[in-house]
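Turn these sequences into a full structure, and let the hints guide you.
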Amino acid sequence: MDVLRQPIAEELAAWESFKAAGLGVDAIKAQLVRPPKRDMGDVALGCFVFAKNAGIKPNEMALKLAAGSSQLAVREQQTANREPRIIESATAAGPYVNFKLSRAACIGRVLSEIERTCPGNSIDDAPLWSFGASEEGRGKTLVLDFSSPNIAKPLAVHHLRSTMIGYAIKKIRESQSWRVVGINHLGDWGTGFGKLIAGLKKYFPEVGQRALAGDARPLGDMTVQVLNETYQRFNREIKENEELEAAGKHEFALLERYIEALAADKAHEAGAAGKANFLIWEHARGVSLAEFERMYAHLGVSFHVWPVLDLHRKRVFTDEPARFYRENGLYIGESYYVTAEDLCRRIIADAVDSKVAEESEGAIVIYTHGKDQPPVILVKNDGATAYHTRDLASALYRRRHFNGDELAYVVGGEQRLHFAQMFKALEMLGHDWAKGCRHIDFGLVLFKTADGKWAKAATRAGRVILLEHLLDESVDAVRGIIKEKNADLAQDAQQAERVAQAVGVGAVIFNDLKNGRRNDIKFDWDEILNFTGETGPYMLMQFVRMGSVTEKFHEAAQQKAWGAHSWQQGDAAKLARDDEWELALLLANFPEALRRASAEYEPSLAARQLIDIAAQTSSWWTNTKDTRIVGEDAELSKARVRLVNAVRKVLGRGLLLLGMTLVERM
RNA sequence: GCGCCCGUAGCUCAGGGGAUAGAGCAGCUGCCUUCUAAGCAGCGGGUCGCUGGUUCGAUUCCAGCCGGGCGCGCCA
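Residue 1028 in our numbering sits at position 545 of the first sequence, and the numbers go up by one each step.
It cannot be assumed that every hint is accurate.
[As the list claims (entries may be wrong)] Restricting the straight-line Cα-Cα distance to at most 25 Å, the calculated cross-link-like pairs of lysine-lysine (DSS-like) are:
| # | residue 1 | residue 2 |
| --- | --- | --- |
| 1 | LYS654 | LYS623 |
| 2 | LYS732 | LYS685 |
| 3 | LYS918 | LYS931 |
| 4 | LYS512 | LYS535 |
| 5 | LYS1043 | LYS931 |
| 6 | LYS520 | LYS547 |
| 7 | LYS997 | LYS1035 |
[Said to hold, decoys possible] Computed Cβ-Cβ distance ranges for the label pairs, DEER-style:
| # | residue 1 | residue 2 | range |
| --- | --- | --- | --- |
| 8 | LYS931 | LYS1043 | 23 to 33 Å |
| 9 | PRO518 | ASP855 | 46 to 56 Å |
| 10 | ASP509 | LYS918 | 20 to 30 Å |
| 11 | ALA933 | ASP1003 | 25 to 35 Å |
| 12 | ALA1059 | ALA773 | 21 to 31 Å |
| 13 | MET523 | SER553 | 30 to 40 Å |
Hints in this document: simulated from the structure, not taken from any laboratory.
Please read all numbers here as calculations on a predicted model, not as lab measurements.
Note that CB positions come from ideal geometry on N, CA and C, so glycine has one too.
In structure tokens:
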């Protein structure tokens, strides 16, 4: 209704009956809804609020307002040379006024708006389509933390959630003119890495030797998988041998001391052992990043290491920062904040000086939620910083370097307490911008346990599925379907593979984004590899169909000399069917769905609107089989293909915003 | 135990102070000489967890209870 809501409200505001009631455009706009049944009308105006303010009953208000329709004939004359009038009639129905709209006028407006905002017809033009854009966030910056996996661990399905929810939010926000800085807050610091180093030295002595010798690749060809197994093996052994715990802490302390020395340009004083640990850590980080990169490439996501440096260690950020931030996020791992501008230390000093923090059990803590709730730990009893400290530092950094008006964190709901504490701590430290901090939480990925219940992923219990495995299975299933159903496409092996990737990965992405992000996801192979119904492949299917009808039109146009792109002159008045009207209304509503998706950090609101559009499209497609969309009647065919084009662009635009890849055939 | 999140059709989920609560999956029935059937049309399927409260009106808001999940000081 969005493209239509404004003009409808403007028209109504000009009615004498609305003027008499003192109702302006905005007040009217807020009360416009769709009636529950088609035969009631096209839009309804709820009169509850107006009636309350006027001190009369809603039914009476509805009657009064509807009476204004008697002036429609007069209005007709006044608007004779302007845009065609939209409202055709008004009837009071209980507490509502139901309006019938001029279909031709409305569809004309919707199609024109989509055509105006979405130039070009190829999928290469699609990134420029902007239907539903707004200026809401112009001049404002959102710093968006998403994906943020831990290094030395493989990416599992639950990482997909943060990555794709975050990526979609980034694109959706950008559509509302926000500048969005995506940040991949790599989990690359903490005592865990001391344990990893200790484990590597214990089980693979050559790693320690190479590192001591200054080898920059002490891990050789080790994979992330091996690193992860080493870490787990070491952890298992800790349970039997408590001394290993201390060994891990020791290795981490060496590493932290070294990196601090490095930042202070005193690395030579830090000793060989620290440097060796640093080399191991740095290599492990590199191995992990290489693996992440492979996965991100599949998903179409890109991050750059921050600060972006050239060989001479000068910032060579980019000539086009706006574009850079649109196309890339930044890797700023936790480790960055250990040394960055001394932020951690300053936060600690600040908290202690202002008496916000206090000493407790050998640690320095902030009680954010009372003494009976766990505190934020700034300094652990072994003197090391905790992850809270680094998170606080990162918030300050983001605020300072990226001027974030909002700082948002796309992180699972298990960490609700953590973020509540962190935001509260910022507030207690006097940072009033903490009000602009948001935890964008999402549900867990659950797996079936041996006794048939659903439970959180657990590597040890074998309840974990690697992201790569999931994507492979999905793409593989799509390959099979292409072979089975589209022999033409299958013959072009290269093209078929591209399509299989786009559709297979798209299926996984759409499955993740179509429902509210806070729902837990029950991982079920049968469901995720079932491509019927409200799925990614279904969405792409409708997009592809709209493309092939357009091609069909061009063939027919050539044969019958209609003119190659003559559909662009299609007359909206020819679109008289109910399903065409319904479709136009759904298209008109897309901008509002986008706006809400942006405001609520909820991609599913956009995805749902797209599902409705796709379903209505598919129904229309089948129900026009008798006359065909491209049929004998030139004028009807032109008008319908004009609608086809609009649907194709809105679907294409929406799917791109969700992070999917478009295809021409499938 | 405390804190937070969640209970809508057999399953997975939309919706949300207002007009007869909607989809998909699964099941059953039809529909491919014709623009892609990864589709469409139809059928069956509901005490919106329970009990109170606020309201002209509650599935929606509030409280309590029941059921499920997550979190709960030095892992991140």
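Hints that the structure is at odds with (numbers, increasing): Failing hints, ascending: 3, 5, 7, 8, 11, 12, 13.
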